[in-house]
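Trainee: So the chains spell out like this:
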Amino acid sequence: MTATIHTPVRTLLADTPEFRTFVGASDQSEALARIMVAGVDEGLYTRPFAVIVTSAAHAAGRFASGSRDYHDQSGLVLVMIEDDIDVEDLEDAYIAFGNAVGGILTGMESLAGTAGYPHIRSIVGQRMPQRSDEDEGDDYYQAVLAIEWGF
Amino acid sequence: MSIAETLVGKTGQERCAIKGAALAARATLGKVDGGGMKVEIVSTGATKFGLEVMVRAWDAKGNPLGFGPKGVIETERIRIHNPPIMVYAGDGKDGEPTYREDLKAALLEDVFHTISICAKPGSKPVAGSIGNTVSTFYPGANGVNDPVDGYCGQTENGVTFSTLTGGVGDYAKDTDLAAKLYLTGHTTTDRFNYLYRLLMGFDTSGIGSDTISAAVLSLVPNNIYDATGDDPGLVIVSSAPASSTALANGDYDSVGSTSFASVAIASLSVGSYHDFTLNASGRANVNKSGYSYFGALLDWDFDDSFGGTWASGATWGYKIRESAYSGTTSDPKLVVTHASGGATVSLGVLECQAAINSLTPAPGAVTASLGALECQAELLDPTVMPGGVTATLDVLQAEAALLTPVLSPGPVTVPLDALEAVAELLDVTTVGGGGTVLLGVLEAEAAIHDLTPAPGGVSVGLGVLEIIARLMSPTFPGTATGPIAVPMVNLRELIAATAAFQTWVGAADATEAEGSIHIGGVASPVRPFLLVSASAFEARRFASGARDFFLHEGAVRVMFEADVATEDQAGHQAAEEAFLTALDGIMSDVLDLAGSDGYMSLTSFDLTEDPGRSDEDDGEDIYQLATEARWGQG
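Residue numbers (the numbering used here), protein chains in the order written: chain A, 90 to 240; chain B, 14 to 647.
Don't take every hint at face value.
The calculated label-pair distances, taken between Cβ atoms and stated as ranges, are [what the hints assert, rightly or not]:
#, chain 1, residue 1, chain 2, residue 2, range
1, B, D597, A, T96, 37 to 47 Å
2, A, Y229, B, G103, 50 to 60 Å
3, B, H585, A, T96, 54 to 64 Å
4, A, Y229, B, D597, 37 to 47 Å
5, B, G611, A, S115, 56 to 66 Å
6, B, S222, A, L121, 36 to 46 Å
7, A, D130, B, S614, 18 to 28 Å
8, A, D130, B, M572, 34 to 44 Å
9, B, S614, A, Q117, 31 to 41 Å
10, B, G48, A, G128, 50 to 60 Å
11, A, S211, B, E641, 19 to 29 Å
12, B, T579, A, G128, 35 to 45 Å
13, A, T203, B, A536, 38 to 48 Å
Worth flagging that the hints you see were computed from the coordinates, not collected in a lab. Note that CB positions come from ideal geometry on N, CA and C, so glycine has one too.
Please model the complete structure; the sequences and the hints are all you need to start from.
Mentor: Given below as structure tokens:
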């Protein structure tokens with residue numbers, strides 16, 4: 090499950106209206122093209138984009154009670170979001186990026202657990218919105234969301 | 014040879030052109046501090062009337078100052094007619110002021126004063142926007158006393174006040190350094206001798222057919238007379254001298270009876286400009302195709318009623334510096350903000366929506382799911398946005414998609430009605446309450462950007478459309494939405510509302526205090542200030558029976574930074590105590606106010622780092638400390 094969880098999470102993200110707005114996609118296929126899976130998709134990414142990283146954290150606990158006997162699985166997926174920044178006004182850029190990240194995560198909350206999408210237990214800001222080091226020669230904002238899936 | 018020497022023997026227009034060319038050649042581009050602000054001279058250019066300067070400006074705290082009627086313009090165009098080249102160089106041995114030729118200093122002095130008149134503090138200019146024309150005029154632009162400035166009087170010996178005000182004039186002078194604008198008392202009770210009035214003209218023909226949105230007349234008192242403490246005020250009116258180059262006795266009674274602006278004597282000081290913002294009547298008095306004449310009277314003269322306490326031989330009033338006064342930096346000055354075009358059509362909400370939707374056939378256009386009025390309200394009322402962002406997005410996406418095609422490089426032609434409609438949608442100050450739609454942004458923008466309304470459409474530059482598109486964009490920066498950005502903005506509002514913080518940053522109110530709290534970053538902060546950023550967020554599913562939703566909680570990092578006061582720099586204990594005492598007060602006030610009506614609730618507000626003082630070798634002596642404010646339902 091850990092090896093394949095990125096697929097439903099990627100679909101969930103691509104179908105989140107706020108993410109489509111963020112990347113300027115008009116449908117799922119255009120949105121999927123902006124979501125890379127670490128270790129699977131290679132190449133140079135063009136911002137704005139999201140990268141899904143499957144964490145090694147995974148638990149499968151046996152749930153046994155009478156006739157019910159199965160393994161209850163859960164795990165962690167990281168979603169990194171990046172966008173270039175508007176250097177004209179640092180505050181506007183930070184708020185705009187915060188708006189985008191906040192919109193994406195609340196959009197995912199709405200879809201998660203509904204038909205066709207994975208159940209999410211929590212979304213934590215693993216790395217809150219921050220600006221890249223100016224000395225890198227590349228100026229962008231990044232945030233990382235830790236998504237705990239499962240029941 | 015100095016520039017002043019090259020002006021000898023030249024006509025007025027030649028003098029303007031020579032000075033403009035010299036100023037343009039010697040002006041230093043870039044940023045400079047002065048007058049409680051920072052100004053960037055973006056470019057300069059000589060014109061036949063003098064000089065044109067493109068400027069940007071920031072207040073003392075580094076916040077950008079906007080121009081134009083709504084303060085949304087970032088770069089302003091200032092045209093200086095008959096520009097000054099001399100600056101004050103101290104008083105001479107005889108006690109009289111002396112002046113020296115300094116083109117750079119004279120230009121900056123004029124620009125700083127003009128910006129202080131026309132910039133909008135607390136505004137939020139849109140990056141890349143280029144503004145109105147702000148023209149400055151001085152008397153004598155076309156030669157000595159062309160147009161003329163000076164004073165006229167009624168000189169009697171022991172008459173009633175009404176005899177002086179009702180006179181036709183028997184005295185005129187247009188060559189003094191400072192014009193008389195005063196009343197003198199006789200030795201007989203309630204009798205008077207002299208009453209003088211100031212008259213001045215400006216060549217404002219360069220405005221042409223532009224629409225005037227603002228006008229400010231500035232005068233410098235050379236003397237103030239108020240021996241009996243009766244506070245004779247000053248009123249600006251029109252005047253109509255018979256000649257443009259010389260005053261005559263009979264011009265005394267050519268002054269108008271409508272007040273354009275007024276001031277009490279207490280707010281005037283010798284040697285400093287006082288700015289009279291002209292009302293609509295005053296703006297209408299500006300002659301866009303010729304000379305504009307103004308007058309100044311004592312308010313007692315204007316009211317035809319002596320309002321003071323009579324005293325034998327007393328003098329009440331002023332001497333006002335004329336264009337003949339040495340240098341130009343204290344001459345009477347008229348600053349007019351004007352621009353071409355200007356839409357006047359007011360469309361209804363549905364017409365707006367219809368106009369926008371027919372703006373252009375956008376590829377893949379989204380159909381708006383909300384009604385026009387609902388769209389209107391949500392687009393224009395910022396308070397609706399945090400709660401209704403999801404519902405609004407479709408509409409905004411539709412609008413953004415419709416506008417996208419006009420973002421291609423270069424000017425394009427779009428229907429005038431559509432732009433007017435967009436302007437009405439963007440007038441954020443009038444719609445939220447009752448649906449009344451007034452023209453706003455575009456009326457200003459169209460004028461600012463020299464749009465020429467014409468049948469079938471107007472040609473507009475990319476800058477205008479970018480502004481409109483940016484304002485219409487669903488990701489329009491500056492309006493916080495969602496659980497990451499909103500807490501930061503709410504926390505700023507909470508902290509700024511506390512008395513302790515306002516005291517710490519020296520702000521008069523919460524709005525001013527917000528200028529010292531920066532979110533995400535700031536290019537050139539002015540201490541003391543706070544830097545706010547999101548530091549934690551968690552959404553945890555709460556599921557119980559039919560209830561299934563996410564609980565949100567999070568934290569906002571608040572970094573405090575302040576200079577160490579000079580008197581505390583010698584020792585660490587005093588410096589740290591001063592810093593922490595201020596912070597204690599602020600944090601205590603914040604916790605007291607949090608959760609009360611209109612302010613966010615906090616679950617905690619704690620220090621996350623010990624206070625740290627900068628390395629003395631850095632050349633700066635500052636204190637920093639980080640805190641974290643937690644909020645949420647978890």
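Trainee: For every hint, state whether the structure bears it out.
Mentor: Results for each hint:
The supplied range of 37 to 47 Å is broken by D597 (chain B) and T96 (chain A), whose beta-carbon atoms lie about 53 Å from each other. Judged by the Cβ atoms, the range 50 to 60 Å given for Y229 (chain A) and G103 (chain B) holds: they are separated by roughly 54 Å. Look at H585 (chain B) against T96 (chain A): about 58 Å separates their beta carbons, and that is inside 54 to 64 Å. One distance hint, 37 to 47 Å for the beta-carbon pair Y229 (chain A) and D597 (chain B), holds here, with the actual separation near 38 Å.
Checked against the hint of 56 to 66 Å, the C-beta distance between G611 (chain B) and S115 (chain A) comes to roughly 40 Å, which is inconsistent with it. Roughly 56 Å separates the CB atoms of S222 (chain B) and L121 (chain A), a value that falls outside the hinted 36 to 46 Å. The hint said 18 to 28 Å for the Cβ distance between D130 (chain A) and S614 (chain B), and at roughly 42 Å that hint is violated. Look at D130 (chain A) against M572 (chain B): about 37 Å separates their beta carbons, and that is inside 34 to 44 Å.
Distance hint for S614 (chain B) and Q117 (chain A): a CB-CB separation of about 38 Å, consistent with the stated range 31 to 41 Å. Taken as a hint, the range 50 to 60 Å holds for the pair G48 (chain B) and G128 (chain A), whose Cβ atoms sit roughly 59 Å apart. Take S211 (chain A) and E641 (chain B): their Cβ atoms lie about 20 Å apart, and the range 19 to 29 Å holds. Range check, T579 (chain B) to G128 (chain A): Cβ separation about 58 Å, and the 35 to 45 Å hint is violated.
One distance hint, 38 to 48 Å for the beta-carbon pair T203 (chain A) and A536 (chain B), holds here, with the actual separation near 44 Å.
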